[in-house]
Amino acid sequence: MSRHQYAMVMDLNKCLGCQTCTIACKKLWTDRDGTDYMYWNNVETRPGLGYPRQWDRNGGGWKDGELQPGRLPTLDDYGAPWEYDYEQRLYEGSGKPVMPSPDPQSGCNWDEDVGALNGDDNFYFYLPRICNHCTYPACLAACPRQAIYKREEDGIVLIDQERCQGYRYCIAACPYKKIYFNEITGKSEKCIFCYPRLEKGEVNACAAQCPGRLRFVGILDDPESPVHKLVLVYRVALPLFPEKGTQPNVFYVPPFNPPRRGNYGKSILEDPRLPLDYLVYLFGPEVKDVIRRLEAELVRAQNGERSEVLQLLIGRDAATRYRIPAREQLVQIKT
Amino acid sequence: MNQRGQLLTVLLLLMTSAAPAFSQQPAHTAALPQHLRLRANFSPQSAEVLLDPAAPAWQSTPAQRIALHRTPPLYDTDPPASLEISFVEVRTLRAAGKLFVHLSWRDASADYVELPAVPDTPPEQRFLKEHTLGPERFFDAAAVMFPKDAPGGVVSPSLQMGDAQGPVSMYYWNAARGAMRMEAAGRGTTRRTGDSFSARAVYASGTWQVVLELPELPPATPLAFAIWNGSQLDRDGRKYFSVWHWLE
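Sequence lines, in order, name chains A and B. Read in the numbering used here, the first sequence has 233 at position 233, and its numbers run on one by one without any break. Read in the numbering used here, the second sequence has 113 at position 113, and its numbers run on one by one without any break.
FYI, nobody ran anything at the bench for these hints, they're computed from the structure. Hints are supplied without guarantee of correctness; some may be wrong.
Claimed, not checked - From chain B, some residues computed to sit far from chain A (all C-beta separations above 10 Å):
#1 Pro62
#2 Leu83
#3 Ser86
#4 Lys98
#5 Lys148
#6 Gly186
To be verified - Distance condition first, Cα-Cα at most 16 Å in a straight line; then the derived EDC-like pairs of lysine to aspartate or glutamate:
#7 B:Lys148 with B:Glu216
#8 A:Lys26 with B:Glu124
#9 A:Lys150 with A:Asp160
#10 B:Lys129 with A:Asp271
#11 A:Lys200 with A:Glu328
#12 A:Lys27 with B:Glu124
#13 A:Lys187 with B:Glu136
#14 A:Lys288 with A:Glu305
#15 B:Lys129 with A:Glu83
#16 A:Lys14 with A:Asp317
#17 A:Lys187 with A:Asp33
#18 A:Lys288 with A:Asp271
#19 A:Lys266 with A:Glu243
#20 A:Lys150 with A:Glu189
#21 B:Lys129 with A:Glu87
#22 B:Lys129 with A:Asp317
#23 A:Lys96 with A:Asp85
#24 B:Lys98 with B:Glu248
#25 A:Lys63 with A:Glu286
#26 A:Lys63 with B:Glu124
#27 A:Lys26 with A:Glu189
#28 B:Lys148 with B:Glu183
#29 A:Lys187 with B:Glu130
#30 A:Lys187 with B:Asp236
#31 B:Lys129 with A:Asp33
#32 A:Lys187 with A:Glu162
#33 B:Lys148 with B:Glu124
As the list claims (entries may be wrong) - Only some residues are given here: those of chain A computed to face chain B with a beta carbon under 7 Å:
#34 Leu28
#35 Trp29
#36 Arg32
#37 Gly34
#38 Asp36
#39 Tyr37
#40 Asp64
In this text, a Cβ means the ideal position worked out from N, Cα and C, and glycines have one as well.
Next up, chain B with everything else stripped away, as it sits in the complex:
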């Protein structure tokens, strides 16, 4: 790890070490500053309705503006990246036994393509194969991270993909590759579970709006958010991230 990486680790440790005071007392999220709280009201709407990012239910839900930070260059060979996306607007609603998270952020370029579906016929039996059209391109993506075990009642895990004592679940959506669930217990341990989940996205007027269907999470569960900007070569830990925010 380079010096900047070490500095980041220290900063993150400082940030997360402040968390236990709140998260060990889940009933006391009221003690949190307003900007670290996420209000999640109940909605009578169906999942189908709420998965539409333009649904009226979302327009009437107040947004929490959450600051985004760039991860520092993880490797000395990384080109520097500027802070092009400084915040993400988050709305949360509880409905149909799920937690729906609506993310919207400004991004001047929609980095996504319709990747061809791979036909069922094995390639050796087909004359034509699907093409790779952009080996150099990266796609926009977003994710929500929360503690995997006993959400709401534990010390918030490390922001760097959790830690051995605090494994995390990620609900990751990629503009080209769709929605996939991941788990991790520390940096470098992220793995796909192989499961997908419901997510829908629209890009219009320079803004991404994405709705992710998460499982029901109890109050005082900490959530962290990440955005990847394809045009900035974002992937892996090269991304935008937020600090932990607590569900009310």
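So that you can see chain A by itself, here it is in the shape it has in the complex:
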């Protein structure tokens, strides 16, 4: 365990699925040789296959204190990227339309916006995902090279590119499949929580670019930080698959809004738009309590009272959403 822990909260009720976060991350970190198939930040449609395909059924994580076996996803599971033959079609003027090659049969986000049926109603929501910078990272424990480390000062989990030999035990061990192998460098890579930005006082690129303003960033053990309030005080944000045992530090405000069509006057738990079983699958049984708390806040606001929780979740400005301490400040925060 680290002395302090950076955390992110994402309010899934606000995610538009626009992928601006994905592109911000891609342009900044994975526009290099060997990284084309990687999205350190991705946004997938739920219910759906996810990225890589079926990652939530590929093992990994902890059970009774033991690492669990995991499977290495294939390029096909990630979705093989394709190219467009611009040179031949545009510059040499063949007159034919620019077509992707190879002919795509699947790909990352192939099932975007497909969702599923709840009764007669289609439903889906977006799930943005980054590395969870877990408190008990399975990747770190699985690496025989001790190439993965968790920073003492802020809990960010990093892969030492000098020590990494590309064995990929970490990928199998990560229950969220958020580590990627770069075949060109022969090393594994992952989300670095934009630590070089944080160290300059800038928030993570994915959060900075988010038009939906759904990301909250700060130190989990800093009582003034929005993430501390949302996770530990108001208790309206939950980690993904808590039963995997790694204790993620990315938390989600579960999607519950808008209410189902035609259910005016009923509580969300009584007649949910999203099947609760599916939310329990993702976030564990506590998700029902969280939705109850959120619904109570909604009722309070509808009755003309002020809801601190909703005011925070609206996240009007960067100062509300982010609290990025300077490094020297970080060590002074009392644990």
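Given the structure of chain A, go ahead and fit chain B onto it with the hints provided.
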């Protein structure tokens, strides 16, 4: 370490503890059983000729068939692996001030690709980047390990990548990534030195033939061999290994 790992350590310690009697008396390799000895005759051929695995000089050199063993699963999460490659044939020749080691082993699948060479231009200045085509694939590889210091005159180091008293040198060849030198002083301490060395390989008729150019090593130097089978997800300590064999 799991129970099987502990058992392996004990077995390896037993095996290596038998070694000092031989290796402390390098002149007496004759006392070794025949199957633990490696004959290395002198050859008048050039390095260029001997680096060809199909060179006639290798065909006329008798092969020593060395038994390979699977490392037990290092982690409880490892899928089990069967013994698909039960031996490696080793030929050694001394020439041009070097020791040439010719390894050949049967492997039904050649797990290798031509990885793209990374262009000199930085990626941000290029429109197209090189691709990762198989994040899940592993490549065939082979290595020879020997004591790093005073080869020939010391107690043979631990088979598990040497030990603090007996650091080891590895000459490692990977079908896709080429030849690289490594050093270690115990399990988990392996590091690449950054140097390469001459090695050439051919795969034909279900057999790998690889020639590695090692430095000149004195008689009674112990050598150990390892083979990684990409199709069995081999990498790291998940591999085939031999016990120590002594150069004559």
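Results of checking the hints against the structure:
1. Pro62: holds, 36 Å
2. Leu83: Given that every Cβ of chain A is farther than 10 Å from that of leucine 83 of chain B, nearest at about 21 Å, it holds.
3. Ser86: With a cut-off of 10 Å, serine 86 of chain B remains clear of chain A, as the shortest Cβ separation is near 25 Å.
4. Lys98: Fine: 27 Å to the nearest Cβ keeps lysine 98 of chain B off the interface.
5. Lys148: Nearest chain A Cβ is 19 Å from lysine 148 of chain B, so the label holds.
6. Gly186: holds, 13 Å
7. B:Lys148 with B:Glu216: holds, 12 Å
8. A:Lys26 with B:Glu124: holds, 12 Å
9. A:Lys150 with A:Asp160: holds, 11 Å
10. B:Lys129 with A:Asp271: Measuring from Cα to Cα gives roughly 50 Å; hence the hint is violated.
11. A:Lys200 with A:Glu328: Since the Cα atoms of lysine 200 of chain A and glutamate 328 of chain A sit roughly 12 Å apart, the hinted pair holds (cutoff 16 Å).
12. A:Lys27 with B:Glu124: Given that 16 Å is the threshold and the Cα spacing comes to 10 Å, the pair holds.
13. A:Lys187 with B:Glu136: At roughly 12 Å apart (the allowed maximum being 16 Å), glutamate 136 of chain B and lysine 187 of chain A satisfy the hint.
14. A:Lys288 with A:Glu305: violated, 23 Å
15. B:Lys129 with A:Glu83: Answer holds: lysine 129 of chain B to glutamate 83 of chain A is near 11 Å, not above 16 Å.
16. A:Lys14 with A:Asp317: holds, 15 Å
17. A:Lys187 with A:Asp33: holds, 12 Å
18. A:Lys288 with A:Asp271: Status holds; Cα separation ~13 Å.
19. A:Lys266 with A:Glu243: violated, 31 Å
20. A:Lys150 with A:Glu189: With Cα atoms ~14 Å apart, lysine 150 of chain A and glutamate 189 of chain A stay inside 16 Å; holds.
21. B:Lys129 with A:Glu87: With a Cα-Cα distance of about 15 Å, the restraint between lysine 129 of chain B and glutamate 87 of chain A holds, given a limit of 16 Å.
22. B:Lys129 with A:Asp317: This hinted pair is violated, its Cα atoms lying about 37 Å apart.
23. A:Lys96 with A:Asp85: holds, 11 Å
24. B:Lys98 with B:Glu248: With Cα atoms ~15 Å apart, lysine 98 of chain B and glutamate 248 of chain B stay inside 16 Å; holds.
25. A:Lys63 with A:Glu286: violated, 19 Å
26. A:Lys63 with B:Glu124: Violated, because 43 Å separates the two Cα atoms, which is more than 16 Å.
27. A:Lys26 with A:Glu189: holds, 13 Å
28. B:Lys148 with B:Glu183: Holds, because 8 Å separates the two Cα atoms, which is no more than 16 Å.
29. A:Lys187 with B:Glu130: It holds: about 15 Å lies between the C-alpha atoms, which stays within 16 Å.
30. A:Lys187 with B:Asp236: Measuring from Cα to Cα gives roughly 13 Å; hence the hint holds.
31. B:Lys129 with A:Asp33: holds, 5 Å
32. A:Lys187 with A:Glu162: holds, 9 Å
33. B:Lys148 with B:Glu124: violated, 41 Å
34. Leu28: violated, 11 Å
35. Trp29: Result: violated, 12 Å to nearest chain B Cβ.
36. Arg32: holds, 5 Å
37. Gly34: This interface hint holds because 5 Å falls under the 7 Å limit.
38. Asp36: Where the cut-off is 7 Å and the nearest Cβ of chain B is about 5 Å from aspartate 36 of chain A, the hint holds.
39. Tyr37: With a minimum Cβ separation of about 6 Å from chain B (threshold 7 Å), the hint on tyrosine 37 of chain A holds.
40. Asp64: Violated, about 12 Å.
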